[in-house]
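Each protein sequence line maps, in turn, to chains S and U.
For reference, each letter of the first sequence is one residue, going 1 to 211 in our numbering.
For reference, each letter of the second sequence is one residue, going 1 to 362 in our numbering.
Hints listed in this document are in silico derivations from the structure and should not be mistaken for laboratory results.
All values reported here derive from a predicted model rather than from experimental measurement.
With a straight-line cut-off of 25 angstroms between C-alpha atoms, the simulated BS3-like cross-links for lysine-lysine are:
id	chain 1	residue 1	chain 2	residue 2
1	S	K94	U	K163
2	U	K280	U	K74
3	S	K91	S	K118
4	S	K38	S	K11
5	U	K163	S	K194
6	S	K194	S	K17
7	S	K194	U	K205
8	U	K163	S	K91
9	U	K133	S	K194
10	S	K94	S	K11
11	S	K91	S	K11
12	U	K38	U	K55
13	U	K163	U	K38
14	S	K20	S	K194
15	U	K133	U	K6
16	S	K11	S	K211
17	S	K17	S	K38
18	S	K46	U	K133
Here are the chains, one letter per residue:
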Amino acid sequence: MAEMLNVALPKGRLGDKVYKMFALAGFECPEMLEDSRKLVFENPEKQVRFFSVKPSDVAVYVERGAADIGVCGKDILLEYEPDVYELLDLKTGKCRMAVATRALFRDDPASTLVVATKFSHIAARYYASLGRDIDIVHLNGSIELAPILGLSDVIVDIVETGTTLRENDLHEIETIAPISARLIANKASYAFKKDLILRVQEAFREQVAEK
Amino acid sequence: MNSEEKLTRELRALYESRGYSRYKMSKFEEYDLYARNKDLLASEGIITFTDTNGKLMALKPDVTLSIIRNSRVKPGMLGKVYYNENVYRVSASSHSYREILQTGLECLGAVDGASCLEVTSLAARSLLLISPKSQLVLSHPGVVSAAARAAGLEGAALERALKLVEEKNQHELAALCAGEACPEEAAGRLLEIAALSGAPGEILKRLEETGAAPVETAQLREIAEGLEELGLGDILRVDLATECATRYYSGVVFKGYVAGVPAAVLSGGRYDALLRRMGKAGGAIGFAVYMDRLERLLEETEEYDVDTLLLYGEEDSAAGVCALAASLAERGERVLAQRAEPEGLRWRRTVRFGESEAKGNG
Chain S
1 MAEMLNVALP KGRLGDKVYK MFALAGFECP EMLEDSRKLV FENPEKQVRF FSVKPSDVAV
61 YVERGAADIG VCGKDILLEY EPDVYELLDL KTGKCRMAVA TRALFRDDPA STLVVATKFS
121 HIAARYYASL GRDIDIVHLN GSIELAPILG LSDVIVDIVE TGTTLRENDL HEIETIAPIS
181 ARLIANKASY AFKKDLILRV QEAFREQVAE K
Chain U
1 MNSEEKLTRE LRALYESRGY SRYKMSKFEE YDLYARNKDL LASEGIITFT DTNGKLMALK
61 PDVTLSIIRN SRVKPGMLGK VYYNENVYRV SASSHSYREI LQTGLECLGA VDGASCLEVT
121 SLAARSLLLI SPKSQLVLSH PGVVSAAARA AGLEGAALER ALKLVEEKNQ HELAALCAGE
181 ACPEEAAGRL LEIAALSGAP GEILKRLEET GAAPVETAQL REIAEGLEEL GLGDILRVDL
241 ATECATRYYS GVVFKGYVAG VPAAVLSGGR YDALLRRMGK AGGAIGFAVY MDRLERLLEE
301 TEEYDVDTLL LYGEEDSAAG VCALAASLAE RGERVLAQRA EPEGLRWRRT VRFGESEAKG
361 NG
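Start from the sequences, fold in the hints, and give me the full structure.
Right, dumping it as structure tokens:
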């Protein structure tokens, strides 16, 4: 049987967009377009098998070798630092990791800064690079609420258009890193399925360049 | 004997066949040894405790440091040892301590071309003992760092560049070079070298054409051609992104992969600088096989846990039960004597003491 390329795709809009890139690259799998509750889709003729997983889990599937390659946000790579190859910036799903706070907030460098975020590692590393003492409040959602209710001084979160911030009287004060979707690969898979992986990488590179 | 024990025995026989002697070490070492070399350890956490004499001790997180410290190699000679030891490290995924079984070897002292090739070939043969579908990836961290320095990268920018090369992150490496105003030609060469990965002949030829790091390239060629001559060329690949951000190795490095295991199962290379740092003369090269990563690959898939379940009652003769179990075991069967059928076990057949045989549950 021909070798299969296992691909972890993020569920949702980004996953749909990336699947189209795979289809254009010659790795189509018509099952993917059917409305079903299936989690695994494969096309042996094209040597490809797709898994639709939670976006934040893509890197885990790839790092642990359940998937050979996958597509996930740079935010996940910065937060979890998985031991994978980051092969390409797909220049889609663009946003930024930023620090935001209330309009009236005045930072006092002499006091500990309270930071609410679901990206604790990114926040800790960023403030450590500035030599700033912080207290992290780890939240799993509605981060914007934290400074409004006095739970934190600032937030570290993903900002796309800034509308949610503006609607909650918050504003962006620093950009930590630009974020976009990245093509990632398992290191052992790269050793054994390099030709298949390079085919995807090359085709994606051309598609990204055409944008 | 299970597959892991069988592999350990085969690796040991392989290393002993080349004259490597067993290095046995204590579970504990003085903490000071690791504290001084913390930047070289694979994980930051070290389990420490105070010994009865007040000395701060550590459960060893690494074997090589201990071997270097205890090595007594005469000038001009080689010390060759292998080990099969547990180390204690923090797992990157679970953030908790794990006991990890490592097998490996070290060659210290007057290390030369022959000893480098011997160690690299033993790494390749170790991989082939694990699985015929394996790959040994060869590199030299000096090649990429020379190309990065030639592009004008130094200090934090150099470190960042090497990390990006290791991740095969060409897009951010290109952005870094642009941000640091690297000369276009030198940056282009760095990007090209960082991406070189494939069959040794083709990659080394291209590397020689670039003219970057000729000494390091010659060392790679010597090893690659030597492995080819020894009939080990089929599993060899050169990938210059391998271990290029390492502080541990200062010469040729290699990583081993086997199909079915998602991470490298073998890692090694030349570490002369570490030896010097610990006040020892000469060179050193070695590697470790991460036995814990092979667990899933070596898992037994036998249909039954035991061949015979021998059931006996309270009234049965103890000597009779033991004698029957012994005679069945002598026939090569795995026998489990129990008073009642155990849960969660699969057995081929049931023998009730004093009765005829019955069917198993598997």
